[in-house]
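Chain by chain, the residues:
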Amino acid sequence: MLRAAAAAENLAIAVLGQAGAVLPAFGADGQLSGQEVFSQQLVTGLSNGMIIALIAIGYTMVYGIIELINFAHGDLCMLGAFLALTIVGALGMAEWSGVGGVGGVVLLLFSAAVFCGGLNWSIDRLAYRPLRKASKLSLLVSAIGASFILVNLGLFWGGLPMDVFAGGGSSAAPKDFPALVSNRDVLTLGDVRWTLNDLLVLAVTVPLMVALTVLVKFTKLGKAMRAVAQNPTAAQLMGIDVDRVIGSTFFIGGALGGFATVVYSLYNNTISFQMGYRMGMDAFIAAVLGGIGNLPGAVLGGLLIGVVRSMSDQYVEARWTNAVVFGILILILVFRPSGLLGAKLREKV
Amino acid sequence: MSAAAPLLKVEGLKCAYGQAEILHGVDLQVRQGEIVSLIGANGAGKSTTLMCLSRVNRVRGGRVTFDGHDITGMRPEQVVRLGLVQVPEGRRIFPRLTVRENLEMGAFIRRDRDGIEADLRRAYDLFPILRDRSAQQGGTLSGGEQQMLAIARALMSRPKMLMMDEPSMGIAPILVAKIFETVRDVLRAQGMTILLVEQNANAALRMSDRGYVLETGNIVLTGTGQELLGDPRVRAAYLGE
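Chains A and B are the protein sequences, given in the same order.
Position one of the first sequence corresponds to residue 0 (numbering that gives the first Met the number 0), numbered consecutively onward.
Position one of the second sequence corresponds to residue 0 (numbering that gives the first Met the number 0), numbered consecutively onward.
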């Protein structure tokens, strides 16, 4: 229950962070029309939605292949953000600009991707693979255990004596993530203004989603991943090393989470050891909403959750946003458990 | 191709499914180019035998040698790479991969693109209906078509020996005849070695060089196909006479 309370605190922080990003819209003495506010919220919602979608893909890929809700996935992303902030601090990246700044962001993206991918692969190897023949419940409990370990690693990490962690005095406090990418508007389309950050989100997430689609649809590994998901025994009989394919799936899902968490940190400018819970929950709900196990479903679900969040922040009230999102989860589970794009759920024997 | 040493040699194979021991010490041999049937009632352990030989199920005891290699402790993909490939029973195709993708998965262990393309054409020539359905999802095929796909898919790996599990199960009789005909004529002409597991003892023994009768985890009878077809015990128990 300590965890729940802590999570609520973090949610408040994260929501405030988000509202902060929107504030400039109201700054200009109410010059924005209702239409403009709506459009602006839509952009914020879609940007956050793309990030949620990228994390949701990690949930849905793993579920698709071993029918596990990998509860450690959100916390894995959190550690990716801590790694990124550590690199920012160690290299003094906040001072970088121009080409160097761009290079820095690329470095952060790929470091976090490799780190999260490798860590996710290791978690599968150590915590899930030994339980491959055990019941799904054992696997789920193992995932929750992995999640707790990662959260505590994050708590420890945040206490390291570095300037970016405020000297390590208060390891649990949220950390500022420097705005390496400017929040100034760079593009105005109609009445919608796009910041460089909004464009960064698109520039990272869209190519990754295209690349993943190509990988899953056309490459040998992608076909093997689908074959293992559909019938692991038959896949073994074709000479497919099932454990290796599952390991690759964990690596790819984790790497996407690593990209997502860097973009999230640059977009929202605050990270905390509890952020994995919130990102994870949003992404998990997105995956369920779209139809767990279904890749386009995860993207659709992510966009919907992102937009619902920002609209609820604007038109309901930020403190009700979580209730709205969780309400959606309950409605899906009751009325359409297979999700928007999911196939009918079948029990595997 | 030495006539002396069998291609597949199974000695005292014990195998469990979950906690229950299903096979209590099975001995059988298959020589190069032979078609050998393993017949028996439902639950005798026929499919378990194949899953054990494919190393998907755990082996509890005994020894399996294939093509000079001891495969008792190997992993499933290593067995496939040695050329011992199973055509699993019923619907074990990939339902949401296309027919073509199913066939490509059959060639998973291979890297020779041109050879794979040539074998794809050969598979389509063997079962022309698969060519018409190549872009369709496997799950949309009829039972008989799925069985053809499963056989063609196994051939895509260029196996030395096929193990077929109940190819007649749940299929219209006219297709059963067609499938058995293909197995007999085409595969035998290629010199393919086959271990055939069947409940339809009559059809299986007719096309086999030799056969084994499996009863509750033990081999109780063996002989040539003709001998077994004429054996009064087989006739009584499996041919419904």
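Simulated from the structure, these hints should not be mistaken for lab results.
One or more hints might be untrue.
Unchecked claim - Selected chain B positions facing chain A (in silico; Cβ < 10 Å):
#: 1; residue: S53
#: 2; residue: R80
#: 3; residue: I92
#: 4; residue: F107
#: 5; residue: L228
Said to hold, decoys possible - In the DSS-like style, the derived pairs of lysine-lysine whose C-alpha atoms are separated by at most 30 Å in a straight line are:
#: 6; chain 1: B; residue 1: K177; chain 2: B; residue 2: K13
#: 7; chain 1: A; residue 1: K135; chain 2: B; residue 2: K159
#: 8; chain 1: A; residue 1: K132; chain 2: B; residue 2: K8
#: 9; chain 1: A; residue 1: K219; chain 2: A; residue 2: K135
Think of the CB as a built atom: it goes at the ideal place given N, C-alpha and C, for glycine as much as any other residue.
Hinted contact B/F107 with chain A - closest CB pair below 10 Å: Result: holds, 5 Å to nearest chain A Cβ.
- Task: For the pair we were handed, A/K132 and B/K8, check the Cα-Cα distance against 30 Å.
- Result: holds (29 Å)
Worksheet item: With a cut-off of 10 Å, does the beta carbon of B/S53 approach a beta carbon of chain A closely enough for the hint to hold?
Response: Hint holds; B/S53 Cβ to chain A Cβ min 6 Å, cut 10 Å.
Q) Taking only the CA atoms, is the gap from A/K135 to B/K159 under or equal to 30 Å? A) violated (37 Å)
Worksheet entry | Satisfaction of the B/L228 interface hint, Cβ to chain A closer than 10 Å | violated (30 Å)
Discussion item. Would the hint on B/I92 be counted as holding, given a Cβ-Cβ threshold of 10 Å to chain A?
Written reply: Because about 7 Å separates B/I92 from the closest Cβ in chain A, which is inside the 10 Å limit, the hint holds.
- Query: Holds or violated: A/K219 with A/K135, Cα cutoff 30 Å?
  - Reply: holds (28 Å)
task = Have a go at the B/R80 hint: is there a Cβ in chain A nearer than 10 Å to its own Cβ?
result = holds (6 Å)
Report task. For the pair supplied as a hint, B/K177 and B/K13, confirm whether the alpha-carbon distance does not exceed 30 Å. Result -> Not satisfied, since the Cα-Cα distance of roughly 35 Å exceeds 30 Å.
When held up to the earlier numbered hints, the structure conflicts with 5, 6, 7 and fits the remainder.
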